[in-house]
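S.K.: Please build the complex by placing chain B on the supplied structure of chain A, with the hints as guidance.
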Amino acid sequence: MEEILKIDKIEKYYGNKSNLTKAIDNISFSVNKGEFVAIMGASGSGKTTLLNCISTIDKVTSGHIYVAGDDITKLKGNELNKFRREELGFIFQDFNLLDTLTGYENIALALSIQNVPVKLMDKKIEDIASRLNIKHVLKKYPYQMSGGEKQRVASARAIITNPKLVLADEPTGALDSKSSRMLLESFNYLNTELKTTILMVTHDAFSASYASRVIFIKDGKIFNELVKADKSRKEFFDEIIDVVTILGGDLNDAL
Amino acid sequence: MMLFKLSLKNIKKSFKDYAIYFFTLILGVAIFYVFNAIGSQTVLLNVTSSTREIIDLMVNMLSGVSVFVSFILGFLIIYASRFLMKRRNKEFGIYLTLGMSKTNISKIMLFETLFIGIISLVIGLIIGVGASQFMSVLVANSFEADLTQFTFVFSSSAMIKTIIYFGIMYLLVMIFNVINVGRCKLIDLIYASKKNEEVKMKNPIICIIVFILAACILGYAYYLVTGGIDTLTGANDIFIPIILGCVSTFFIFWSLSGLILKIVMSFKNIYYKGLNSFVLRQISSKVNTMVLSMTFICLMLFVTICVFSSSLSIKNSMTANLVELAPMDVELSKTRNISQEYVNETGYSEILREDSYRSIEESLKLVDFNVNDYFKDITTVYLYVYDDFAFEDTLGSAEEEIKAEYPIFTYHAPEEIMKLSDYNKVARLYGNKEYTLNSNEYMIVADFDSTIEMRNEALKTNPSITVFGVTLKPKYDECQDGFVRISNSHINTGIIVVPDEIVDEAYLEQEIMLANYQASSKEGKRAIEDSLLALDNHPNSGNITMNASTKISIYEASVGLGAMVTFIGLYLGIIFLISSAAILALKELSESADNKERYAMLRKIGTDESMINRALFKQIAIFFSVPLVLAIIHSIFGIEFCKYILMTFGNEEMTKSITMTAVFLIIIYGGYFLITYYCSKNIIKDR
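Chains A and B are the protein sequences, given in the same order.
For the first sequence, counting from 1, position 131 maps to 285 in my numbering; every step adds exactly one.
For the second sequence, counting from 1, position 629 maps to 883 in my numbering; every step adds exactly one.
In short, the hints are calculated from the structure, not lab data.
Heads up, the beta-carbon is just placed ideally off N, CA and C, and yes, glycines get one too.
Warning: the hint list may mix true and false statements.
To be verified - Derived DMTMM-like pairs: lysine to aspartate or glutamate, alpha-carbon spacing no greater than 25 Å straight-line:
#1 B:340 with A:162
#2 A:213 with B:862
#3 A:228 with A:162
#4 B:679 with B:655
To be verified - Covered stretches of chain A (in silico footprint by chain B; criterion: 3 or more residues with CB under 8 Å from a CB of chain B, positions within the stretch not fixed):
#5 163-176
#6 264-271
#7 389-399
Said to hold, decoys possible - Examples of chain A residues toward chain B, derived with CB under 8 Å:
#8 211
#9 275
#10 377
This is chain A alone, in the form it adopts within the complex:
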């Protein structure tokens, strides 16, 4: 299996010598091509910091992050932008769609900043829209869409450029349970049919149960790791709940 993401002993400190907070304390793991990995942890466990470091929005204090073999902790300035533009796709909790643009234009923006010819855009967007079942909202503005529709448009924007890795930060955080389920089904579809590699941060056991592997983080360290393998989603969900229980009260809000 090809290794898409390799995290090598990264640390991230905040504050100064007298008052040091270790947001990430020596974490290492790797993600293979075509995997759907969920990272779980309570608020303050360091999962969002981890995602920010991978997405190059934040810088690590020490250690290395390799994406498709390239060390991204060494990138600077516009190389970072280029990396984000070409190798990564983002899905955020609060959608982050531009409210002045229609659904179509929001998706097209990801292509146009890569200078993709207009001729190719139409077909690509049509294609991804029908796969994610958002064709009917392409002409609408974000304020005219439901939360689930917005998040699926955001997902379409994230994967339209064929990124090596899609990073999702609490994608179901602002959705009701029905929309969450639809979105996660879409993720599953992207993962199994389009072979998209997805790394999702969540504190919701239900969302995590859609992943093929779940990594638990507590106080900046890896606490546990579960692999779905051939288990049904229900069985996997129960296993996750067990770990959450061991983790203690910290993750109670996961239920």
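M.R.: Quick look at chain B alone, frame taken from chain A:
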């Protein structure tokens, strides 16, 4: 005390957002002071009494204009504080949830306005006092007064006036803010930032229709003030194109963004290139939400451009005309041979009727002024008026047509007739072309453009005229350039020049004496001028009547008038410019918080920094140029109209004044644009 501290900290914190507002206030205060201080500065200037009169008139007009200016600035300040209030909704929401009363929030706002008011007043006045020292040099220069020694002038009256006017403005803003705070609801305040902005898209087809209609109306308004200017007969008719222009400007902005969006979107290669779609949507949503302000800004810019360029050109052309149009030092004129009938009709005094039978020279002897002692190159010429021979009688077969085309002209005004030899005498004196006429020919000499136009139309039809019982044919099929009276502008509406031999002396109307002073130095000429003016105080002065124009008085009047117009134009122009630029800048900056999120998102999906900066630059540049471009188009026609109105002042120097206007525009408007760009760039910067 806590509220006091809070508001102080707020100002410090939001200084970046306030900066441009602050800057504008300071500029407003400084300009207000500078123009109101002109009165005190000119007191020290060593000028003649006629110039002094013009200066006093100017000072009065400037203080009148100041009232108007204070209205403009007042609106600007209220508008700006509304923007700034909106930005702070969340902050107020937090105060309210923490249990602070609305009264206390109002107090915070009061303190803030007070601070900003005091600080801007103090800094503005300091800058104003400094700048007004340069202004005094400019004033002295404009009125051509000698500024022998530089004195530091501080005008306490201007300062008090500035403080009072701005004090009232700030008071209004405070009241306005308190009302605003009282009206807001907690839920709206807290969720203000979470509210999804509704993008109200107008129907593109309606936009296109509205735009075309508005453009047609605007075109008609343009036509009215240029090609169709003669259809504007009554004084109130000028309001028709003005109202049409304002309304169509509004609707053009109303439909513009929808239209442009529609057009660019149909060029997919452009629309979906880089951040173009984002930039266009940003602009269109902004233009859509401020149609009314855009209209005002556009109209203010339009007025600025017209006022600037016309006022500068009035000054330029008046001074330029003088050399050519006032070649002699003095012109004395006198109505001659007033009939008894006329006296009966008008109640003219008998003494003056008697005087009208004396020549100018004889009349002057009565007041002990011997022309030969003071004047040289004396040339005397005569004008005749033949019965009811009037303008309409010179038009021949074109009469009906011309009357229909120019309905507001007074066609029954009697025409002045001159002997050819007299005209040639004057022409020789002035260095103008001399003419010859056959015994059955006449010609018309004029230099006032609009009557030349009418007369030429008539002369094309070869109209013969009958004067003194003789019928004459025109020698030329157009007016000849020339004038007799000295003046600062082209005002000779036409003199009929006829062969000497046909003139009947009984119809003598006016005697004109042209002369130079017997002095070579400026002081010598001034002394003769003064003794001429002193004749008014002679005991016999009541028994004679005559008019005098002198080169010196014409010169002073035109220099003074030119300077006055320039200063008023400058004052209004600068205030209009900074107001309109400040509104645009504030609108752009007040949305910086929303924009910050948008740009952060663009950054997250991997947009290059240079691309983002370019997009920001494009967006602000287009936003600033939209009202400017329309204003410039308006001005092309507006200036044409001004030229027509100001035709008497001459219109030779328009290019120079337009260049000056452009320089002003670029410095002030462009300056605001750059500041806005750098501030916005700073705000959206990734931290």
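S.K.: Indicate, hint by hint, whether the structure satisfies it.
M.R.: Here is how each hint holds up against the structure:
no.	hint	in the structure
1	B:340 with A:162	violated, 47 Å
2	A:213 with B:862	holds, 18 Å
3	A:228 with A:162	holds, 14 Å
4	B:679 with B:655	violated, 36 Å
5	163-176	violated (count 0)
6	264-271	holds (count 5)
7	389-399	violated (count 0)
8	211	holds, 7 Å
9	275	holds, 6 Å
10	377	violated, 28 Å
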